[in-house]
Each structure stands twice: as structure tokens, then as C-alpha cells.
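Engineer: Chain B: place on chain A using the hints.
For the record, the sequence lines run as chains A and B. No gaps in the numbering here: position 395 of the first sequence is 395 in our numbering, and each next residue is one more. No gaps in the numbering here: position 188 of the second sequence is 188 in our numbering, and each next residue is one more.
No incorrect hints appear here.
BS3-like, lysine-lysine: derived pairs with alpha carbons at most 27 Å apart:
hint	chain 1	residue 1	chain 2	residue 2
1	B	Lys-98	A	Lys-90
2	A	Lys-82	A	Lys-96
3	B	Lys-139	B	Lys-98
4	A	Lys-98	B	Lys-147
5	B	Lys-96	A	Lys-82
Partial list, computed: chain A residues near chain B (C-beta under 7 Å):
hint	residue
6	Leu-43
7	Gln-70
8	Met-71
9	Val-73
10	Leu-74
These aren't lab readings, by the way, just hints derived from the structure by calculation. Quick caveat: nothing in here was measured; it's all calculated off a predicted structure. Using N, Cα and C, we set each Cβ at its ideal position, and we do this for glycine too.
Here is how the chains run, residue by residue.
Number of protein chains: 2
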Amino acid sequence: MRSSQLFSKTSKTIPADETAANAQLLIKAGFIHKEMAGVYAYLPLGLRVIENIKNIIREEMNAIGGQEVQMSVLQPKDIWEKTDRWDDKKVDNWFKTKLVNGTELGVGLTHEEPIVDALSNYINSYKDLPIYVYQIQNKFRNELRAKSGLLRGREFIMKDMYSFARTQAEHEQLYDKAVQAYRKVYVRLGIGDITYRTYADGGIFTERFSDEWQTVSDIGEDTIFVDESKKVAINKDIYNDESIKKLGLDKSNLVEKKGVEAGNTFHLESKYTNALEAFYTDANGQKQPIIMGCYGIGVSRLMGLLAEHFADDKGLVWPENIAPFRVYLAQIGDSEQVANLSQELYEELNNKGVSVLWDDRDERPGVKFGDADLYGIPTRLVVSEKTLATGQIELKRRTESEVVMVAKENLIKSLAS
Amino acid sequence: MRSSQLFSKTSKTIPADETAANAQLLIKAGFIHKEMAGVYAYLPLGLRVIENIKNIIREEMNAIGGQEVQMSVLQPKDIWEKTDRWDDKKVDNWFKTKLVNGTELGVGLTHEEPIVDALSNYINSYKDLPIYVYQIQNKFRNELRAKSGLLRGREFIMKDMYSFARTQAEHEQLYDKAVQAYRKVYVRLGIGDITYRTYADGGIFTERFSDEWQTVSDIGEDTIFVDESKKVAINKDIYNDESIKKLGLDKSNLVEKKGVEAGNTFHLESKYTNALEAFYTDANGQKQPIIMGCYGIGVSRLMGLLAEHFADDKGLVWPENIAPFRVYLAQIGDSEQVANLSQELYEELNNKGVSVLWDDRDERPGVKFGDADLYGIPTRLVVSEKTLATGQIELKRRTESEVVMVAKENLIKSLAS
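With the rest of the complex left out, here is chain A (with noise of 0.2 Å):
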């Protein structure tokens, strides 16, 4: 893409109601529009970012079996009163609405029983069964306060997967490759050795604890105890000594650190699939309980995670697969053959998959380069009369502070590579 195409800008000032540094960031590179409070909207370079987290998790979730689908967001009471999860004083968060006829409506909070209730046409026969489903989605949370950016948003982009097996033993099979998917998006995210699955409470449905993923870092609100050696936490939640004994951990080895919820994962047991008579029926033809699991990753969250955990003075500072753009292209002069080779650049570094940024503007070097820096675009390229006469192109890493110079055959061999 050109610069000169795209209507979005850096800017110096933000909404004098934003707090949260991470949409701070953002909103001064123009990656996201503030709404109001917890809602954004995602400007081209932000909604690349977007789909790049997305298709990362949509790889990892397909990779293990998982089968995508698009729940509706207007939600009927009906099946959340077969869970007792309609009443507003049993969930306070819910965005209601309502038909023209006065039908009351939900605005989806979550998916758990329209999943159950959709699936429940499908499964019959132990043969149906193991499955994984799963959505990216908006969700929608009605949050009394939403001062922490796209890290805890009323509106937000969730991934939200959900297994259903046939035996306990068979749950677990499921959690463990979850769980194994779930390390493989970290470590595609760039944080897989600062997130930790970290123990938590279960919640009202299991005696078990349930997983977080959380990312240490100094951002964090969360705290938690962390065992550097077995690669697993503890949520200050469940910080005792009867859970520590419990989940074989050594106190003396926990270090407290400060994390942010990257993701989490729950042991549902039969509550929904019970609630909602989703049962199947085995080899003898008997009804049996359906055991469901679900695993949630926020998608706007992470994009608010790492784009505050990994800034620097400058701006943004994207991992490599996150970033909108793989290389920042910055054409300084108009001379013909400073266009021309900017121009050959960019077309032979799409042609072989690299994405482009082509900083085309009429705009001195000093902006530019400041772009580029806060838009946090993990290579900058220069190409001047300067650069020209050494007959190499100047590269710079964001995550570093000097300039190399490289001839142009090699450079597109080792960004292409």
C-alpha cells in the first residue's frame, strides 16, 4: 500500500478521556478510533493487525480439528433462562434489547448456549462425538467502567472455542491439545516465552481449577507466581497453600510478577450441555452426558497487549507476524530514479509475499521516519539520491538503533526469506 492512499494519520493528540496507554498508542497511529468508552473502531493498519492475530489463531484452532462457524450476536432468552444466565442480577453485564413487538433480546455476551443449542440437532450417536467449534467474533459486555482500552473493552473481538466429548478421560484429551494450540498462538504471537498457563479458579461449575494464559509483563493488572523452572503460574486468586500442595508446585520456587490475561481456558463439566438436553447416545444405546470445555482468546485484547507490552518512546513496536505491514518503504526525494527504484522495490517485495508500506508522500525525512517508529513497522527501508550513490539501500530494524546499508539483491533475499 501507499502512504499516499491511506486516509488514516499519526496524530499528536488523543481524546482527552483516554487513559489506557495502549489505545493511546494506537489512536496517535491511527490504527484505531475511539467510539466511546471500551468501543473502537479499527482503521485499515489497525484491522490488518486484526486479521493477522486472527489468522494465526484460526490456524492453530483448525490444526487441531476445530471447525469454525458465526453465531448470531441478538441472542433469544429463552435458552440463557435454561441456565439460569438471563437474569440480570444473575449476570450483570448483559446489553439487552428488544423486538418491535417487545420480545427482549440479548446482545451475545457469550456463546455457550447457542452453541449447545445449535449443536444439539447434530449430535446423536457417540459417533458424532469428539468435536471442537469455534467463532471469532464481537462480543459484547456491559461494563460499569472501561478505562483500560481494547484490554477490557464493552465491544471486543474474541476467538471463542468450545470441545464437547463423550467421557471424561476423552475432556481431557481434548483440553491437552487446546492447550497445546493455545502455547503454539503465543509463541506465533511473539510472547510464547513471557506467557505462562497459569492456574485459577474454576468458577461455580468445577472443583477444578481452570487455566489463564498469562503474559507477564510490567503493564499487567493481574498478579501472579510464576515457577520459572516448570513454566506454569499460579493466579494470586488461588494463592495457598492448599492449591499449591494440590497442583505439586513448591512455594519457595514461586516469584510474584505482574501478568495480563492473554487467554483462558475452562472445564464447563455438563452444565450447559445438561441445561440445554444435549446428550448423546453411546455403543448400547443409552443417553449420556456430553463433557464440554471452552477456551477463549481475546483478539482485540492481544493487539492491546502487545502493542502497550512491547512499545518503546518511540511508539509501537509489532512482532514480526503482527505487524500491518513487514517493511516500511520511505522514499525520500522525487527524482526519477529514487522512484523508480522505490517503485522496483516495492513491486518485487509483494511479488514474493512481503508486505509493503511505500511512504510515497511529499514529506520531509524527519516525519517519516517518525511514522514509521510509531506505526511500528518491524523494517524500515530508506531510498535516496544519498542512499543512491552508494549504490546499496539503507535498512533499519525498529527493535534497533542502527542503519546498515545492503545491496538490493541481498535485501530482498533475506526479507523474503
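Structural biologist: This is chain B only, laid out in the frame that chain A set:
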């Protein structure tokens, strides 16, 4: 994908309250699930169709310079009051909801206001224009009745694009370019020859006509008058001597037909940009109004239209570009040779980029052929002991009644071309 791993199944029963033929078919085929009247979930095969339609539209919008964004579903009241579209007496199909503190919010039924509001941060100078911005997203309309399946939903998927021009002449250029892009979309969807640019009432903002894109079909609920030679049509609403004359058409060439609206494009003049105080500064430093156009295509509506229009008594008949899979591979029997050849075909076709639904289930041939027909997948292949004996593979097109025998090499060559 293997059929044995697909959770959805074909079915003979449909919800008693479902009267629309498109939804009946899609529910029978397991492509969609009815959540409530006018609200559907997309199951794996249905979502693949939706994604295919989205991608065609996206490619054509990108080709004319469209920049993709994602606006929010939750909408603040103030921007809609500026254009006088908040009051339920003015716009009668809002879904509205409330924050915990009582603040009213809208649930996005269209996005002119938020798009203009967001862009006003970035459009200052004449150098910032012209631009096209679009999104593909769920929209919500509180329809009193919703009985047309995917053709008129309460929640539906839509591509909405907006153009912003400096002058009326520039607006005309943008509008014409979008019209050309729409033509390409309909050609790629397989309905290019039966979809007409159709003049219709321009609405309250302009003296001019707007354009509907009407697909001529027996299932149509709209009445249009088609000029075959000029490849245009005129909506019944404006079918009068004055309009016909204004459009340079001749009444004697106009033939009455039934049509389904497959898109629409509007001239919005400066109605929204003025109301939301979005202006640009011209080369002389003067504040100038921005001329806006809008361009809608209902993605889920198109799925309904294509499903119903192309159906026969055996089920769905998807155009090649839209089908959830291009090939239905029916494995009959489970001898090692049959299983191996099926696996080979599956892998080779997938490697060549040809999507395959491999029916590896333990089911009778009749069940498999019935599902292949109901799903509407363009090409059905059969591998069985009988076909093995011939050294060839049986091929049947969904639109033809005869089967042909083809050697494997030729088969792969022709399908992958």
C-alpha cells in the same frame, strides 16, 4: 475436509416457522442454523460460502482503492442526533440498548454517521481526498416481520462502502468506478448476465436516481422493467413517463420482470458530511463541502439469493466461485485400494488449491450422492471398486445428469486449471 469430521448434517426437518425457501434449503443442507426469525448462525459449510462471497467483494473493492475498516456495532446517540436519525419516529427499525448508567446506545443498523465522524479526524486538506472506505460487518434492523430467510434479516452481513469526493465531477468518477466494481462482483458470483443496474428512487437527499442492482429471478419480490439491449432496468417505483424520458429509455423496449435486490448505490450529496461538520480546505484555503456516495451489498442476502435462485429439486446448486468446496469426493467402500486412491486424490487436489469435501463416512452410496446434491458442490467424484476396475474415476457435474469416466491425471489437470 473429511465429512466424518464435519459436525453439521443434512436433515429432512426444518423449523415449523421457517417459510422462506432459501432458509429451508440452507437449513436442510446444514449450512445455517435458525436462531430466531430473521437471525441465523452460519455453520461450517455456510460460513465457507459467506467467506467466498466476502472475498470476491473485498478483492473488487480493494481493486478500486477501497480501504477496509471495521466500525463498531455499539453506537453513541449524539452523532445520530446530528443527522436526525436517532428518533424512533424518524428511523423505525433501530435496535437500542443501554449502558449500566442508563445512557442509550444504538446497535449499528448502518454506518454513515460513524464513518463520517471517524474520517473527519483525518480529512483536512484537498490532498486527503478522494477516498473510498468500506467494511464487511453484521448489521441489525428491527424488522416488524422477518419471513424471507436470508433475504431480509434482523441481523445480517453487509459490505458497505462510502466514497468521499471534493467536487460533484469527482464524485461522478468515484460512483462510476464503484458501479464497474459492482458489475465485476456479480459476474464473479455467477449472476452477471441476469443482474441489472436498475434506476430507483434516490431517496430524500437528492433529486437524482439511485441505483439498485436487481437480479432477474422467479423468486424476486420486486418488479422491474428491463431494457435488454441497454442492459439497464427501472424500478416499478419510478416507472412513469417522466422518469423513462429523463433516463433516455423507450417504454416499448421495457419488459416487466421479477427481481431480487442484490445491492444498491446511492448519491448522498453532502447531507451527512455537512451535518457532522466534515469539510475540507481547498487549495485557496477555503472550507468546502465533501460529496459522499454509499455502496451496499448484503453478503448474507446474496447467499440466500444464490441458494434459492440456483436450486433444483435435489437441493442447492452453487456457482463454482461460491461453493463451500469445489469437489465432493464420494468414497464408496473401504478396501485398501479405494481408501488409498481417495486419499491420494484428496491430497493432490488440495495441493493444487482445489478444495475437497471427502465423504469418508460409512454410509450407503445413495446417502452420499443425496448429500452431494443437497450441498450443491459443483463436481462430484466417485471412487469405488467398480471405478477402480475401469482404471478411471467417475465425475459428475452438479448441473448435468450424465456421469463421465476420467483418468486421474486428466481429472486433476482439468480441475486445477
